[in-house]
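> Could you put the whole structure together from the sequences, leaning on the hints where they help?
Quick note, the sequences are listed as chains A and B, same order.
Residue numbers for the first sequence follow the numbering used here, so the first one is 1 and each next one is one higher.
Residue numbers for the second sequence follow the numbering used here, so the first one is 1001 and each next one is one higher.
Hints should not be assumed to be uniformly reliable.
[Said to hold, decoys possible] List of simulated lysine to any residue pairs, SDA-like, C-alpha gap at most 25 Å:
#	chain 1	residue 1	chain 2	residue 2
1	A	Lys97	B	Glu1089
2	B	Lys1124	A	Lys135
3	A	Lys97	B	Glu1146
[Said to hold, decoys possible] Quick list of simulated restraints, FRET-style, between CB atoms:
#	chain 1	residue 1	chain 2	residue 2	range
4	B	Ser1122	A	Asn109	22 to 30 Å
5	B	Pro1006	A	Lys19	31 to 39 Å
6	A	Ser198	B	Gly1100	23 to 31 Å
7	B	Lys1124	A	Lys183	14 to 22 Å
8	A	Gln139	B	Asn1107	31 to 39 Å
9	A	Lys24	B	Asn1111	30 to 38 Å
10	B	Asn1165	A	Ser198	15 to 23 Å
11	B	Asn1107	A	Lys27	31 to 39 Å
[What the hints assert, rightly or not] Calculated Cβ distances over 10 Å to all of chain B for the following chain A residues:
#	residue
12	Asn90
13	Glu132
14	Glu145
15	Thr167
16	Lys183
Just so you know, the hints here were simulated from the structure itself, not pulled from any lab data.
Idealized CB from N, CA, C, for every residue including glycine.
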Amino acid sequence: MKQSKTVSIQKTIQTILGKSRAEKFLKGLDFTDMASLTSSDSDITSSSINIYQAALAKLVDGELEKAINYIIYGLDLDRESKLLFNLCKNLVFTLEKQLNNSNTDLIKNTVNIKNTDNLEKDRNSIRNKIKEMEKNISQENSKLEKLEMELFNSKPSFFSMNKLFITHHLKKKSLKPRISSLKSEIDSLNQELEQLKSDLKEIEKKFLLEEYQKVLGITMEVCIFPSRFQTKL
Amino acid sequence: MVKNLPVRTIKKNLIINKDKLKAVENTFDTYSDSKFEQKNKVSDQRKKANSELNDEIDKLISSGGTSQKKSLVKKIAFEIESIDDLSPELQKNIKKLMNGVSKDEVNKLINEIENEKEKLFSDKGVFGKMSSGEKATLEKKLEEYEVPKEILEVNVSAILSCLNNLVID
Chain A
1 MKQSKTVSIQ KTIQTILGKS RAEKFLKGLD FTDMASLTSS DSDITSSSIN
51 IYQAALAKLV DGELEKAINY IIYGLDLDRE SKLLFNLCKN LVFTLEKQLN
101 NSNTDLIKNT VNIKNTDNLE KDRNSIRNKI KEMEKNISQE NSKLEKLEME
151 LFNSKPSFFS MNKLFITHHL KKKSLKPRIS SLKSEIDSLN QELEQLKSDL
201 KEIEKKFLLE EYQKVLGITM EVCIFPSRFQ TKL
Chain B
1001 MVKNLPVRTI KKNLIINKDK LKAVENTFDT YSDSKFEQKN KVSDQRKKAN
1051 SELNDEIDKL ISSGGTSQKK SLVKKIAFEI ESIDDLSPEL QKNIKKLMNG
1101 VSKDEVNKLI NEIENEKEKL FSDKGVFGKM SSGEKATLEK KLEEYEVPKE
1151 ILEVNVSAIL SCLNNLVID
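Put into structure tokens, the structure is as follows:
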């Protein structure tokens, strides 16, 4: 483990994931979090014990991404930290377990995913469907507005000269069924859109958990096999 | 008798005296602090372990390299071995969280982490692409990097709570 000090976990993650994807994991420490853990006159904000406690606090708050940030930063600072390494290992295992179950959950909880062999393809197709459907709904809504306006304008009032009640009645008779069919069509499109959005959310969650697990896995590998990553940097 | 000293010297002396006073105050605060009393109660065994740790870090520092980082590590005097060693605010939150998370669920996950490590090394696992030699080394390291049971329970409870309440935007 001693030679590991020459290989930075942060740089390795950046090299493997790319700058834009790695950015969220490399934000470093938020010193307001650290301040609540140490007294103001002590200068150990960078110590791994405090970073471990900050990571734990972030997990308690449900901020997994920040906790991962702290684990990476802490292990870069102190490669021998059992506390941080153990937290990292347990997270990797728990995520592995969740991901194993998530394929079954995806099929169970989603309508548009029948098998999980090519989720990336499914994700892109759902994203496109959502875009298309939103466009359709907007077009149908403007049609509906137009029809409702037409019906409203045909209504005779006390001051209208050319509008007869009979004309309005005829118009109403012809437009009402079209309006109601359009409304039900929009409703069903909206329901379909909601389902697509919820399916997409499930897939995105799985992808995100996979990314978290990958980053933590790399962190562990750099700690134990730094030489594997020396050539990549 | 007051000497006729230049203003600059008087100011300098005042600053030095202020610093000395601050140092005395700090020392008094530290000694009267309950944390200090708690630390004094730490067992001899822990002190010995920490002194060994410091010796090891001294060796690392003398071997060169990133001395700045190592000196920061050197400041770690005590390891965290139980919930009581955590900061008071975190202790409070962790205790509250542990009451909310099912103990059975925590123990089940701890057992799975212990007994189903091979899942991480399976072909589809996160370390699936490693050679068998590397897998063996990693497994050995995982055993070396164990923490006290109470801390393991804290870690697993925090992870479970976080993943159960994970919100994806």
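> Are the hints correct? Go through all of them and say.
Each hint, compared with the structure:
The straight-line distance between the Cα atoms of Lys97 of chain A and Glu1089 of chain B is roughly 31 Å, outside the 25 Å bound, and the hint therefore fails. A distance of roughly 39 Å separates the Cα atoms of Lys1124 of chain B and Lys135 of chain A; the hinted pair therefore is violated under the 25 Å criterion. The hinted pair formed by Lys97 of chain A and Glu1146 of chain B meets the criterion: a straight-line CA distance of about 20 Å does not exceed 25 Å. Here the CB-CB span from Ser1122 of chain B to Asn109 of chain A is close to 25 Å, well matched to the stated 22 to 30 Å.
For the pair Pro1006 of chain B and Lys19 of chain A, the beta carbons lie near 57 Å from each other, so the given range of 31 to 39 Å is not met. One distance hint, 23 to 31 Å for the beta-carbon pair Ser198 of chain A and Gly1100 of chain B, holds here, with the actual separation near 27 Å. In this structure, Lys1124 of chain B and Lys183 of chain A break the distance hint of 14 to 22 Å, their C-beta atoms being roughly 48 Å apart. Distance hint check for Gln139 of chain A and Asn1107 of chain B: the Cβ-Cβ separation is about 56 Å, which falls outside the suggested range of 31 to 39 Å.
At about 33 Å, the beta-carbon gap between Lys24 of chain A and Asn1111 of chain B stays in the expected band of 30 to 38 Å. Separated by about 18 Å at the C-beta atoms, Asn1165 of chain B and Ser198 of chain A satisfy the suggested range of 15 to 23 Å. Against the hinted window of 31 to 39 Å, the Cβ-Cβ separation of Asn1107 of chain B and Lys27 of chain A comes to about 34 Å, which satisfies the hint. Listed as a non-interface residue, Asn90 of chain A fails to keep its Cβ farther than 10 Å from every Cβ of chain B; the least gap is roughly 5 Å.
Every CB of chain B is more than 10 Å from the CB of Glu132 of chain A (nearest about 23 Å), matching its label as outside the interface. The Cβ of Glu145 of chain A lies farther than 10 Å from every Cβ of chain B, with a closest approach of about 32 Å, so its non-interface assignment holds. Against the 10 Å criterion, Thr167 of chain A stays outside the reach of chain B, whose nearest CB is about 52 Å from its own CB. Annotated as non-interface, Lys183 of chain A keeps its C-beta farther than 10 Å from every C-beta of chain B; the closest such distance is 31 Å.
This entry does not satisfy hints 1, 2, 5, 7, 8 and 12, going by the numbered hints stated previously.
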